[in-house]
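A.B. asks: Each chain, written out:
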Amino acid sequence: MNTLLTQNDTQRRDRMLTLGAAVIGLGLLFAFDSMFDRFTMQIFKLCAINVILALSLNLINGFTGLFSLGHAGFMAVGAYTCAILSMSPEQKEANFVLQPIMPVLLNVQMPFLPSLLIGGLLAGFIGWVLGVVTLRLRDDYLAIATLGFSEIIRVVLTNAQTITNGSLGLKGLPRFTTMWWAWGSAIVITLFLVLLIKSTYGRAFKSIRDNEIAAEAMGIDVLNMKVLSFTISSALAGIAGGLLAHYLTTIDPKQFIFLKTFDILLIVVLGGIGSITGSIVSAIVVTVLMEALRFLDGPLNLGFMVTNGIPGLRMVFFSALLMIVVIFRQQGLMGTAEFSWNSLARIGLLPKRGQKSGKGVE
Amino acid sequence: MLSIKNLSVHYGGIHALHGISLDVPAGQIVTLIGANGAGKSTTLNSIMGLVKADGGSVSWNGQEILGAKTKTIVESGIVLVPEGRRVFPNLSIDENLTLGAYARHNKAEIEADREHVFSLFPRLKERHKQKAGTLSGGEQQMLAVGRALMSKPKVLMMDEPSLGLAPLIVGMIFDIIRKINEEGVTVLLVEQNAKAALEVANTGYVMETGSISFSGSGKELLADDRVRKAYLGEM
Chain A
1 MNTLLTQNDT QRRDRMLTLG AAVIGLGLLF AFDSMFDRFT MQIFKLCAIN VILALSLNLI
61 NGFTGLFSLG HAGFMAVGAY TCAILSMSPE QKEANFVLQP IMPVLLNVQM PFLPSLLIGG
121 LLAGFIGWVL GVVTLRLRDD YLAIATLGFS EIIRVVLTNA QTITNGSLGL KGLPRFTTMW
181 WAWGSAIVIT LFLVLLIKST YGRAFKSIRD NEIAAEAMGI DVLNMKVLSF TISSALAGIA
241 GGLLAHYLTT IDPKQFIFLK TFDILLIVVL GGIGSITGSI VSAIVVTVLM EALRFLDGPL
301 NLGFMVTNGI PGLRMVFFSA LLMIVVIFRQ QGLMGTAEFS WNSLARIGLL PKRGQKSGKG
361 VE
Chain B
1001 MLSIKNLSVH YGGIHALHGI SLDVPAGQIV TLIGANGAGK STTLNSIMGL VKADGGSVSW
1061 NGQEILGAKT KTIVESGIVL VPEGRRVFPN LSIDENLTLG AYARHNKAEI EADREHVFSL
1121 FPRLKERHKQ KAGTLSGGEQ QMLAVGRALM SKPKVLMMDE PSLGLAPLIV GMIFDIIRKI
1181 NEEGVTVLLV EQNAKAALEV ANTGYVMETG SISFSGSGKE LLADDRVRKA YLGEM
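For the protein sequence lines, the chains are A and B, in the order given. Numbering follows the working numbering, with no gaps: position 10 of the first sequence is 10. Heads up: take any position in the second sequence, counting from 1, add 1000, and you land on the working numbering.
Simulated from the structure, these hints should not be mistaken for lab results.
EDC-like, lysine to aspartate or glutamate: derived pairs with alpha carbons at most 20 Å apart: (1) 1131/B with 338/A; (2) 1052/B with 221/A; (3) 1071/B with 212/A; (4) 1131/B with 212/A; (5) 1071/B with 221/A; (6) 1129/B with 338/A; (7) 1154/B with 1175/B; (8) 171/A with 93/A; (9) 1052/B with 212/A; (10) 1219/B with 1199/B; (11) 198/A with 1111/B; (12) 198/A with 1094/B; (13) 1069/B with 212/A; (14) 1069/B with 221/A; (15) 1229/B with 1208/B; (16) 1069/B with 1054/B; (17) 1052/B with 1075/B; (18) 198/A with 212/A; (19) 1179/B with 1113/B.
Build out the structure end to end from the sequences listed, making use of the hints.
C.D. replies: Written as structure tokens, this is what we have:
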């Protein structure tokens, strides 16, 4: 009886806390929107896009245990699809100066949401095709195959001039990615992934990560589950790519070189491979640090010497951080743990279950 | 009854099973003993559809299951406790058990079976939220057996359940095997610990380099000179 009450109490407490946090979070978003200047808002939006990218890479690398390095390619597919579908014919004509755009594509113009979704679906479809072909490979072979794929996408984008405008890229895209679009998508995708991971599918993904042979012996169709996870991950990367395109308002194939994948991988490894909470926190921290540490690239007075500015020194910091994490805390910030109100209670930030139920019984 | 006829398996150029035949009558414990590399695990893996066989037949209550999908085989009531336990280390005991019932959908029955597994292995209940990777070897073996039972098997196939366990734990595992069998589950047991296996088994088959060299009841084999010399270390 007592334990039953305790459990109900905890559940009610958690529901109230979640509701409270949601209201405060929404309030903060409103406040930020009117409070911050445009530059800060840009960083804040980029945080949301990176959250989506990190979560989608974590689904395949962290939860399903497949080392995939093709994310930049899927982002590119989403970014280009979304951009081409949403630009007006006039903008397209102004962009395609060397060779005219394919007539079929010239007059297509859709609102942002369908363009974004179609971009995601196309990236997902390409992910599905690639997955069926490559997911029989294991470990480093899969990494090599997916890395190669993302470079192929980039080369295709550079050369398909009548569709993508080649290396000139697309400029002057409408600035659709507002704070609400960026954070709205991030929240919806986070909720979707939380539900997915808790579902039978999510459990199957994790079992494949933990022990593929045992998973197969339980009757899990390992290949199909891998393909499913890879497809979802690719589709989400495509959506993030679309948001990024209309955030930067300029895209060109060079943005999607394989180094982009490693930026996301850095976030996932720092946050914890296999933790949604870790990816979210890490995406925000890394994005903010990327800006905050910009001074490292400029002239520095180190006391004993003055540098004239070393471009890229900022990235040295992240490389060092990654090395430190890999040596001393391989599980990253969170490991495979997730945030829960109970974990807060355990470290003493919330009243303990026992105390609360005591009051309840009286 | 599970009946295997002329089962043949190749790994690349290596002929792992040279057309073996064995019968597992319902309700019995049948054991397959033999040295390393004799093809014992390959036999179990090909029955489960984890390894592709190139010839022969596996009939289960009169139905051919060779070449069927693993999921179908699990649904039909055959399950494997793989060699080396292979629990899911980063998942909790609860999640491991839930995954054992992957091919089933009736939630109430699954929960009843979870309670049954917990009654067989009270240790698992105490630690049901703990990650499987933090359990001891013996506890992991219990979990591997419990996970297999969650599929509600009619035939439980176990691949070297005593591997790497302390003698006391091995004794416990064999007690559990007997208990599960008494509850009506047919057991096909692959073991290197020939003595323990033959003591619980109704029938034993001795495997050598991909074929079955001879068979008999558990007691007969325990008394057989060839078995005593080769597997029990007696002169």
